[in-house]
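Peer 1: For this one, chain W is given, so just place chain P on it according to the hints.
Going down the list, the protein sequences come from chains W and P. Sequential numbering of the first sequence, starting at 20, is according to the numbering used here. Sequential numbering of the second sequence, starting at 20, is according to the numbering used here.
Since the hints were made in silico from the structure, they are not lab data. If you're wondering where the values come from, they're calculated on a predicted model, not measured in any experiment. Worth double-checking, as some hints may not be accurate.
One copy or two, either will do: identical chains are not told apart, so a pair holds if it fits within one copy or between any two.
Unchecked claim - DSSO-like cross-link-like pairs, simulated, lysine-lysine; straight-line CA separation at most 30 Å:
1) 203 x 330
2) 330 x 227
3) 202 x 343
4) 279 x 343
5) 203 x 312
6) 44 x 227
Each chain, written out:
There are 2 protein chains.
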Amino acid sequence: MFITVERTSEGVRMLDQRLLPSTEKYLMLRSPGEVADAIREMVVRGAPAIGVSAAFGLAMGASDAVERDPAGFDQVMEQHYTRMAAARPTAVNLFWAIERMKQVAGEARSGGMDNKGIAARLEHEAQQIHDEDLESCKAIGRFGAELVADGSRLLTHCNAGGLATAGYGTALGVVRGAVEAGKKLTVLADETRPFLQGSRLTSWELMKDGIDTVLITDGMSGSLMRRGEIDLVVVGSDRIAANGDIANKIGTYNVAVLAKEHDIPFYVAAPLSTIDRNCPDGDSIPIEERDPKEVTEFHGTPVAPEGVGVKNPAFDVTPASYVKAIVTDKGIARPPYTDSLAALFDA
Amino acid sequence: MFITVERTSEGVRMLDQRLLPSTEKYLMLRSPGEVADAIREMVVRGAPAIGVSAAFGLAMGASDAVERDPAGFDQVMEQHYTRMAAARPTAVNLFWAIERMKQVAGEARSGGMDNKGIAARLEHEAQQIHDEDLESCKAIGRFGAELVADGSRLLTHCNAGGLATAGYGTALGVVRGAVEAGKKLTVLADETRPFLQGSRLTSWELMKDGIDTVLITDGMSGSLMRRGEIDLVVVGSDRIAANGDIANKIGTYNVAVLAKEHDIPFYVAAPLSTIDRNCPDGDSIPIEERDPKEVTEFHGTPVAPEGVGVKNPAFDVTPASYVKAIVTDKGIARPPYTDSLAALFDA
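So that you can see chain W by itself, here it is in the shape it has in the complex (with noise of 0.2 Å):
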């Protein structure tokens, strides 16, 4: 197996998922900084997995300031936490750990806690972060299993894995939930450009796991579903608005068209971390542009002429009128998801 991101005695330790699936190397972090530039240059990546890993960094950072006098503590916590957020704009993940970690350090502190207790806090809260962000997938998969019949072909795009969270994954913890439950399956992989997530983790993951895998190019699905070959698809999100539209990784929004024109069912797979119930739809959700090398470059080698135009938004967003249901870790819901979805956090 494989550990996504870890705390450890050093700092925090996370799987380089930029040199997957060739080489397996874990990378040593030193400073919640580090950490900022792992989330950014998508060393660690998944909605999920970064929520976890910034609430790990914060967690050093507090750690490495408990010398300093309570005021220099709370600014030098109040940098980290900026320079946090500023990371990556999409996934609401991110933003709701640090909101946590916020929030536990001011109680700490409004109570009369010294740094080093404070510290200890959020060490510990951001163990528990991971910790239910664990026990969420497992609830996700268990919910999802139920959707996923036996002999299934099952389509999914990017990675909402075991890498896209603390382990065990959203979309594919379905898949896990499925495969627990005793069901045998096919995950056809979209390949996922530019980061191709899809060849380089989805495939990987599954295939430590035993789980039947077949690699597609992102052009593919259209034409398998038209022949018949793909039963139901399932994607992860990174953010989800109140009204049930979805943020999820470039192209989803292709595979939910396509899969609404077939009759297929399109379902996403999210913890309720994942949906951002200030937003109220899809339009309101803040779209990162990335650098076009990743689009015209491969490995440093070019593969298109220089000074082309590019664009290279990192993730689409899906309305909720595609979405078939979405399988979260306090249950199912489905539409009208302005209602099914706060009724799970009043739950």
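Peer 2: Leaving out everything else, chain P in the frame of chain W:
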């Protein structure tokens, strides 16, 4: 400018499209077998360019065999026809060009012509196929220009340009025709995995012509359509069935479905030689399955774990119902295509 393929005194000279955009290198092929291999290995690709290349290769084969006795000559030519036809299965222009060459040779032989005369006829016929293709593309450009409004943002998939034909292009012929008619337009080029014809070839040849080009990954088209950033789609085709179903590069069907969902016109540009009147519908078109390594490796570097399952169909079929019009060298066909395409042949 560039030359896609030409017959010289030394052999058949073609631009090695596998090396673009970084290297502009021409190969000199000295036998019909070498031409067939070049077609299989995609040194040259694009249905019309494949047809022209095959014709030049057969002409070369005939010229090289003139010293044989007539029976030996005819036998050698039969071998060339067979080997050439096995190079790739989907592009109908390949079979159309071989058939045309075969017929010219057969008629000349029946008329009592000697080997030298037949070879001269075949050399002439091949050059004719080349020149007609260039003229066809220009005609497609003139007809297609009417469909393109000034200021349009036009999406294309794969490369149906000068590199896919004797020059000028089919889908990109429409672009060039519109530009020559004084219209300003932006071309959005799908990168077109796995072979990257969009980034490597379409971007390259459009930038040579100074046409505004924006490269996107195949997964971005839907999101751009939803945001109102694409006005029309124009693609080429490798084979068009009598009912208007079209086979084209894998990923074309995805674009067609997305265009329909967003009420964006989806046009196909191809000469009449791409229409296979013996093929009643798209399901009768053979679809080539290519080497999985095109998906799992990049320039020899693995991007997927060893042993993963892979699908790599080179083409998909888009049913006629998604096609707003087919722009041919003899005019624009509109639904129902069974009638409108037949009428263009009769005209």
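Peer 1: Run every hint past the structure and note whether it holds.
Peer 2: Do the hints match the structure? See the list:
Proximity of residue 203 to residue 330 under the C-alpha cut-off of 30 Å is restricted to the inter-copy arrangement: shortest distance 20 Å between copies versus 39 Å within a copy. Within a single copy, residue 330 and residue 227 get their C-alpha atoms only as close as 34 Å, which misses the 30 Å cut-off; across copies the closest is 20 Å, which meets it. In this assembly of identical chains, residue 202 and residue 343 lie within 30 Å of each other by CA distance solely inside one copy; the values are 21 Å within and 43 Å between copies. Taking the shortest Cα distances, residue 279 and residue 343 sit within 30 Å of each other both inside one copy (9 Å) and across copies (21 Å).
In this assembly of identical chains, residue 203 and residue 312 lie within 30 Å of each other by CA distance solely across copies; the values are 27 Å between and 39 Å within a copy. With identical chains, the CA atoms of residue 44 and residue 227 are at most 30 Å apart within one copy only, with a shortest distance of 16 Å there and 42 Å across copies.
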